[in-house]
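Peer 1: Here are the chains, one letter per residue:
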Amino acid sequence: MPSISRDEVAHLARLARLAVTEAELDLFAGQLDQIVQAVAQVGQVADQDIPPTSHAVPLTNVFRRDLVRPGLTQQQALAAAPAAEDGRFRVPRILGEEA
Amino acid sequence: MSATVELMDYDEVLERFDPVLGLEVHVELNTHTKMFCGCPTGFGAEPNTQVCPVCLGLPGALPVVNEIAVASAIRIGLALNCEIATWCRFARKNYFYPDMPKNFQTSQYDEPIAFNGWLDVTLDDGEVVRVQIERAHMEEDTGKSLHVGGATGRIHGAEHSLLDYNRAGVPLIEIVTKTIEGTGARAPEVARAYVATLRDLLKALDVSDVRMDQGSLRCDANVSLMAKDATEFGTRTETKNVNSLRSVERAVRHEMTRQAAILVDGGSILQETRHFEEAGGTTRAGRRKETSEDYRYFPEPDLVPIAPTREWVEELRATLPEMPEQRRKRIQAEWSLTDLELRDLINAGAVDLIAATVDAGATPAEARSWWVSYLSQSANSRGVELADLPITPAQVAAVISLIADGSLTNKLAREVVDGVLAGEGEPDEVVEKRGLKVVSDDSALYAAVDEALASQPDVAEKIREGKVAAAGAIVGAVMKATKGQADAKRVRELILERCGA
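Chains A and B, in that order, are what the protein sequence lines are.
If you read the first sequence in our numbering, its first letter stands for residue 201, the second for the next number, and so on.
If you read the second sequence in our numbering, its first letter stands for residue 796, the second for the next number, and so on.
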């Protein structure tokens, strides 16, 4: 029995703003389930004494000095924006914030 | 507009419920550059002029951590009596909202840089409440939205929104308390006092300019009510947009009375974000809270872990300043202030200014007198905070020393201060330009005295006859002739000398 349900795929798709068709929900539920099971095997070999690894390079504390570096001009920043107004990025009205 | 909201009488709320608080304070650091890129962080620049591919989330841009921001985070943690992580990571908090161009906020999730601390908060009557600190973690600020169309710049009814990303990526430390219980009727006051104490602490650490009005210090207040016979916490709401200390207190109080009315009516509290409305002191519903799972946090692959060495942590600990509470106690003793006097100075925002004036050479009594009387009046009439007056403690100290050495009278000193406030330069320059020096040259004074005596022969006669009280009229005339720049005491001496009285 798949541990990833259609509803969960639909929820994830919504969070990721992906348009997923009804047919794809079934397809992805099955695929995601296989992926999750494959990844879960790591848990069988990794014991408490093995720290979770998120980075492949053995580095820590890579810092930058607090010095200002030139960035983009307003014109450059807005150059690729689909719409701009008054030096700002213009976006469609934001829904769902207020009841 | 929302329908009228039922509120329960505050005393009744307390008879039936115990309030439970959780406070989240976001503080923008005063670093020169952003958390992950070299863009400047100054407030008030033209929109989208302090941006680069990293903070705009352009493809391929890679973040690099600002070392000073990490140092500030550790110092804040230490000042809050926290443990400092030996190893921690950044995480991506994924959500879609136009104020975050990357579509995720780089934050910390289950591995904050600082955790398990506490902060002692002194209430107005001297009672001390120890607030437990859950964690302090590093993250980045979002951009600013401007809502166009609809009423007064609100999202509601807006036709579209305009985004300025100058603030996106500014280093932010989020400080989260553990639940604060058992404060009863004083919960709103505890919330305000906590934020005020934290603000003073952050200011003393010099890690932020802590301007609530400019958003560099922001408080989200989580409030829930627990029925007197209950064993579990009630559902909480999180009130955002609380932009002043007074608002923190009002917001908590309002939520208590609002939630209580719903609960006794058999209703239930929705776990949601609410927005504080400054005008009425009320809150209104915002978005439903996403669950933590919905943010799909995962370790930030573009930033390697941070592992502060214990040596570094101890170096940073050594940089901690005297804590505000201790400093206050020391100042109170050194300046011989009563509790009330000290509180007045604190409320007037005068303590730091007076201390700096004393450091610049003035006596505490004179420094205090200038800041709480003449300068406070000037600030009032200009409608600005005392600290925002265009005069420095060093300049005030300079004026005070000019009085002390007899160069200025109090009246002239006020004119000098006016000149400094008007942007005419340093006190010495104002004295020079306005010609305000006390006339201490006796020959000039003799001339003025002789002239005044000659123009009022009858008064002069009386003085000569021994009626020294009559000298007042001549003193007045001399002071008028010298435009108040003479030392009245000296003038009187000269008059009596001239009249042989």
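Worth double-checking, as some hints may not be accurate.
Simulated restraints, written as ranges between beta carbons of each label pair [what the hints assert, rightly or not]: (1) B:F838 <-> A:S203: 46 to 56 angstroms; (2) B:S1063 <-> A:P252: 52 to 62 angstroms; (3) B:E1027 <-> A:F263: 19 to 29 angstroms; (4) A:S254 <-> B:D915: 33 to 43 angstroms; (5) A:V239 <-> B:T881: 42 to 52 angstroms; (6) B:R811 <-> A:S254: 21 to 31 angstroms; (7) B:Y890 <-> A:R265: 46 to 56 angstroms; (8) A:N261 <-> B:R1091: 49 to 59 angstroms.
Quick partial rundown of chain B residues pointing at chain A, CB under 7 angstroms, derived from the structure [as the list claims (entries may be wrong)]: (9) H955; (10) I1101; (11) A1243.
Hints listed in this document are in silico derivations from the structure and should not be mistaken for laboratory results.
No residue lacks a Cβ here, since even glycine has one placed at the ideal position from N, Cα and C.
Peer 1: Taking the hints in turn, state whether each one holds.
Peer 2: Quick rundown of the hints versus the structure:
{"no.": "1", "hint": "B:F838 <-> A:S203: 46 to 56 angstroms", "verdict": "49 angstroms, holds"}
{"no.": "2", "hint": "B:S1063 <-> A:P252: 52 to 62 angstroms", "verdict": "38 angstroms, violated"}
{"no.": "3", "hint": "B:E1027 <-> A:F263: 19 to 29 angstroms", "verdict": "44 angstroms, violated"}
{"no.": "4", "hint": "A:S254 <-> B:D915: 33 to 43 angstroms", "verdict": "37 angstroms, holds"}
{"no.": "5", "hint": "A:V239 <-> B:T881: 42 to 52 angstroms", "verdict": "28 angstroms, violated"}
{"no.": "6", "hint": "B:R811 <-> A:S254: 21 to 31 angstroms", "verdict": "48 angstroms, violated"}
{"no.": "7", "hint": "B:Y890 <-> A:R265: 46 to 56 angstroms", "verdict": "31 angstroms, violated"}
{"no.": "8", "hint": "A:N261 <-> B:R1091: 49 to 59 angstroms", "verdict": "27 angstroms, violated"}
{"no.": "9", "hint": "H955", "verdict": "5 angstroms, holds"}
{"no.": "10", "hint": "I1101", "verdict": "6 angstroms, holds"}
{"no.": "11", "hint": "A1243", "verdict": "59 angstroms, violated"}
Hint compliance for this structure: hints 2, 3, 5, 6, 7, 8, 11 are not met, and every other hint is.
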